[in-house]
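A.B. asks: One letter stands for each residue in the lines below.
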Amino acid sequence: MPGMPPLKDRRIWEHPILTFKRGRRVKFYFNGNVVEGYEGESIAAALYAAGYDVFSRSPYKGRARGAFCMIGKCSSCFAVVDGVPNTRTCVEPIREGVKVEFQEGLAEIPSATGGLEGKDEEVIEGVDVLVIGGGPAGLAAAIAAAKHGLSVLIVNEHFKLGGQLIKQTHKFFGSKDLFGGLRGFQVAEELESKVRSMRNVRVLLQATAYGFFRDGWVGVAGKDRLYRVKPRFVIAAPGAAERHLAFPGNDLPGVMGAGGAQTLMNEYGILPGDEVLVVGSGNVGVIVSYQLLQAGAKVKGIVEILPYIGAWFVHAAKIRRYGVKVYTRHTIKEVWGKDRVEGATIVRVDEHFKPVPGSETDIPCDLVLIAVGLTPDTRLLAQAGAVVTWVPELGGLVPIRTKYLETSVPGLFIAGDASGIEEATTAMIEGEIAGLSAVVRAGADDAGNAAERREALLKFLWDEYRASPVVAKAKAGKLKVTVSEDEMERIRVSNPPPVRFGS
Amino acid sequence: MGSGVPPYKETGIITVEELKRLGLMPPEERLARGPVAIPECPEEIPCNICVVSCPQHAISIEGIKGLPRIDWDKCVGCGVCVAKCPGLAIFVVDLSKPGEYAYVTVPHEFLPAPKVGDVVDLLSREGKVVGKGEVVKAWETNKTWVVTVRVPKELAMEVRGIWVRK
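As you go down the protein sequences, you meet chains A and B in turn. The first sequence stops at residue 1441 when you use this note's numbering, and every number in between is there. The second sequence stops at residue 256 when you use this note's numbering, and every number in between is there.
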């Protein structure tokens, strides 16, 4: 158990890009100690801001656990919230008086049920499109479908819409009609206000689609009640999770996903660390380094196992001109510290990526960010019976799909990172294509125009956007898993879908 | 990959020679004539924001992913593309003034905000402080500052960032 409450304020009060609009002050408890946060913060964020690094200990070895992904994709930030153990504190907003307790090992089965008792399951029938995930892909899909008169239900795990766009402070590439030139959080604002203005779109926040059931029912666990939904079509856009690396000390609080740090820093205005080592020089690693400099942290270096920087050159040039060092041909050997990162050891690698003994360098730091790529979150799609396949270029297991983004489960479409890791611009294009596919199949208003628009988007996506050499790997991956309608029919014969939508 | 990787991918730093080879560097006589934009954008990324933001219609890109091509005669070095480029990869250099100084315009997204008259650290592409320079012009759009600094002429092709001391 942690002893005295730490006295820190890790909040960022001045930022060159962002203005943090903090809500009213909220008092809650962590192990009986009063913690002050601001309305709109997650429990994990507010605890971190106050200087708490450790929220639980692991069941067998009692190792400290704290914030890691910050978007509800891992179990690192579990704590007991109002008597409910294993609560993902990163997607649970703070409330006045909420009692958060340290979780010591395995929890007892709870007597509290988080407010579910006595509430009937709500049955939602007759909705045209269920969109799972309210990030760039899901919102673009919802807008496309709703524009053509379909009714849409969006279920979103976080208590805010926008997915990972809300923590992107850099300006997007692309063309102007695809939000190019706007900063990511500004794109999120535009998409959200569009969705909120559409009367045929319903949004459930803090809601998790937990499974597909016989006869086309989808189970959704909401904030304070359960839902069973029977949609005509489903568009799954659940996103991706950050990958981790194996090295001693990789579970110490202060080892965090690069995206987790972005959530703290850019969504909540909380500085994740003062002196930072970043592992991985892809776009995410380089962009988070630039954002850390903007927030006032010191970036001690970026470690890259390859002989060259993975990020697009223009992103890399941005951090190099402010003096950030990139250790190419290096890997992380270990991280040290007691209950919190105090430093890391990096080591040079030879041409076979084997560590060279004696080439170690110690780097004192209080934060180590892991930016080694993402894995599509396709568990729900696999549970639905969609045929998935392993594609390294796309980050892992992804569903086989037609060019219209339909999986082997008829009427179940995919879009965004769950269809294979790319970036937000392509996620929005895929989302729109999936949304239009539902429109075309439903024979909705103006289906002819929807089909035309869909062809134009496909042409732009495949022949122009993905023709760029910097996205060649993702394109190769997507080509591998995109099959013709005939091929998909054959796949369905050998792998009969357990559930069907679209009738 | 391996042998096909250009040197700037190993270092994160592009050389003037490489920019010339890619046709991204204005000719000497144009540089001597007045301020002109230099896009340090060597990779054919899928982006054409500079094309649509240039008030002179001086920039073109084949499709969405060609290299930016600047019509050096149309470009007036106004710096709008410096503000709009999502990669913060465009700079304006003015070597036309008599005397020992040149003027370099860079994007800037750090606190404190730069002000005219500030004497700031001049940063090279690898983040070395190569001298001090005075801010002669500074304007902002969507939180990107476009800052023109006076630099010794010999540093005009080296300075690509500034640091404003608190």
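A couple of the hints might just be wrong.
Think about it this way: if two alpha-carbon atoms lie no more than 27 angstroms apart in a straight line, the pair counts; the simulated BS3-like pairs of lysine-lysine are [stated by the list, open to error]:
{"hint": "1", "chain 1": "A", "residue 1": "Lys946", "chain 2": "B", "residue 2": "Lys256"}
{"hint": "2", "chain 1": "A", "residue 1": "Lys1236", "chain 2": "B", "residue 2": "Lys256"}
{"hint": "3", "chain 1": "A", "residue 1": "Lys1098", "chain 2": "A", "residue 2": "Lys1037"}
{"hint": "4", "chain 1": "B", "residue 1": "Lys233", "chain 2": "B", "residue 2": "Lys256"}
{"hint": "5", "chain 1": "A", "residue 1": "Lys1413", "chain 2": "A", "residue 2": "Lys1341"}
{"hint": "6", "chain 1": "A", "residue 1": "Lys959", "chain 2": "A", "residue 2": "Lys1098"}
{"hint": "7", "chain 1": "A", "residue 1": "Lys1263", "chain 2": "B", "residue 2": "Lys218"}
{"hint": "8", "chain 1": "A", "residue 1": "Lys1263", "chain 2": "B", "residue 2": "Lys233"}
{"hint": "9", "chain 1": "A", "residue 1": "Lys1114", "chain 2": "A", "residue 2": "Lys946"}
{"hint": "10", "chain 1": "B", "residue 1": "Lys218", "chain 2": "A", "residue 2": "Lys1132"}
{"hint": "11", "chain 1": "A", "residue 1": "Lys1236", "chain 2": "B", "residue 2": "Lys233"}
{"hint": "12", "chain 1": "A", "residue 1": "Lys1161", "chain 2": "A", "residue 2": "Lys1037"}
{"hint": "13", "chain 1": "A", "residue 1": "Lys1292", "chain 2": "A", "residue 2": "Lys1271"}
{"hint": "14", "chain 1": "B", "residue 1": "Lys218", "chain 2": "A", "residue 2": "Lys1236"}
{"hint": "15", "chain 1": "A", "residue 1": "Lys1161", "chain 2": "A", "residue 2": "Lys965"}
{"hint": "16", "chain 1": "B", "residue 1": "Lys233", "chain 2": "A", "residue 2": "Lys1098"}
{"hint": "17", "chain 1": "A", "residue 1": "Lys1341", "chain 2": "A", "residue 2": "Lys959"}
{"hint": "18", "chain 1": "B", "residue 1": "Lys233", "chain 2": "A", "residue 2": "Lys1114"}
{"hint": "19", "chain 1": "A", "residue 1": "Lys1263", "chain 2": "B", "residue 2": "Lys110"}
{"hint": "20", "chain 1": "A", "residue 1": "Lys1276", "chain 2": "A", "residue 2": "Lys1236"}
{"hint": "21", "chain 1": "B", "residue 1": "Lys227", "chain 2": "B", "residue 2": "Lys243"}
{"hint": "22", "chain 1": "A", "residue 1": "Lys1236", "chain 2": "B", "residue 2": "Lys187"}
{"hint": "23", "chain 1": "B", "residue 1": "Lys222", "chain 2": "A", "residue 2": "Lys1236"}
{"hint": "24", "chain 1": "B", "residue 1": "Lys187", "chain 2": "B", "residue 2": "Lys222"}
{"hint": "25", "chain 1": "A", "residue 1": "Lys1341", "chain 2": "A", "residue 2": "Lys1418"}
{"hint": "26", "chain 1": "A", "residue 1": "Lys999", "chain 2": "A", "residue 2": "Lys1037"}
{"hint": "27", "chain 1": "A", "residue 1": "Lys959", "chain 2": "B", "residue 2": "Lys233"}
{"hint": "28", "chain 1": "A", "residue 1": "Lys1037", "chain 2": "A", "residue 2": "Lys1057"}
{"hint": "29", "chain 1": "B", "residue 1": "Lys256", "chain 2": "A", "residue 2": "Lys1263"}
{"hint": "30", "chain 1": "A", "residue 1": "Lys1413", "chain 2": "A", "residue 2": "Lys1114"}
{"hint": "31", "chain 1": "A", "residue 1": "Lys1263", "chain 2": "B", "residue 2": "Lys222"}
{"hint": "32", "chain 1": "A", "residue 1": "Lys1037", "chain 2": "A", "residue 2": "Lys946"}
{"hint": "33", "chain 1": "B", "residue 1": "Lys164", "chain 2": "A", "residue 2": "Lys1114"}
{"hint": "34", "chain 1": "B", "residue 1": "Lys218", "chain 2": "B", "residue 2": "Lys243"}
{"hint": "35", "chain 1": "A", "residue 1": "Lys959", "chain 2": "A", "residue 2": "Lys999"}
{"hint": "36", "chain 1": "A", "residue 1": "Lys1037", "chain 2": "A", "residue 2": "Lys965"}
{"hint": "37", "chain 1": "B", "residue 1": "Lys110", "chain 2": "B", "residue 2": "Lys233"}
{"hint": "38", "chain 1": "A", "residue 1": "Lys959", "chain 2": "B", "residue 2": "Lys227"}
In case anyone wonders, no lab produced these hints; they're calculated from the structure.
A.B. asks: Holds or violated: are the alpha carbons of Lys233 of chain B and Lys1114 of chain A at most 27 angstroms from each other?
C.D. replies: OK: Lys233 of chain B and Lys1114 of chain A at ~18 angstroms, within 27 angstroms.
A.B. asks: Can you confirm whether the C-alpha distance between Lys1413 of chain A and Lys1341 of chain A stays at or below 27 angstroms?
C.D. replies: holds (13 angstroms)
A.B. asks: Taken at face value, is the distance from the CA of Lys1037 of chain A to the CA of Lys1161 of chain A at most 27 angstroms?
C.D. replies: Holds, at about 17 angstroms.
A.B. asks: Holds or violated: are the alpha carbons of Lys1236 of chain A and Lys233 of chain B at most 27 angstroms from each other?
C.D. replies: holds (21 angstroms)
A.B. asks: Do the alpha carbons of Lys256 of chain B and Lys1263 of chain A lie within 27 angstroms of each other, as the hint requires?
C.D. replies: Between Lys256 of chain B and Lys1263 of chain A the Cα gap is close to 23 angstroms, so the pair holds against 27 angstroms.
A.B. asks: Does the alpha-carbon distance linking Lys1037 of chain A and Lys965 of chain A stay inside the 27 angstroms limit?
C.D. replies: holds (10 angstroms)
A.B. asks: Lys233 of chain B and Lys256 of chain B were given as a pair; does the straight-line alpha-carbon distance stay at or below 27 angstroms?
C.D. replies: holds (18 angstroms)
A.B. asks: Below or equal to 27 angstroms on CA atoms is what counts here, so check Lys1341 of chain A against Lys1418 of chain A.
C.D. replies: Distance ~11 angstroms between Lys1341 of chain A and Lys1418 of chain A Cα, so the pair holds.
A.B. asks: Against the 27 angstroms threshold, does the CA-CA distance of Lys1037 of chain A and Lys1057 of chain A hold or violate the hint?
C.D. replies: Holds, because 23 angstroms separates the two Cα atoms, which is no more than 27 angstroms.
A.B. asks: Does Lys187 of chain B lie within 27 angstroms of Lys1236 of chain A when you go C-alpha to C-alpha?
C.D. replies: This hinted pair is violated, its Cα atoms lying about 38 angstroms apart.
A.B. asks: Does Lys1263 of chain A pair with Lys233 of chain B here, judged by a C-alpha cut-off of 27 angstroms?
C.D. replies: holds (26 angstroms)
A.B. asks: Given the hinted pair Lys218 of chain B and Lys243 of chain B, is their Cα-Cα distance within 27 angstroms?
C.D. replies: holds (17 angstroms)
Checked against the numbered hints given earlier, this structure breaks hints 9, 10, 17, 22, 35, 37 and 38; the rest are met.
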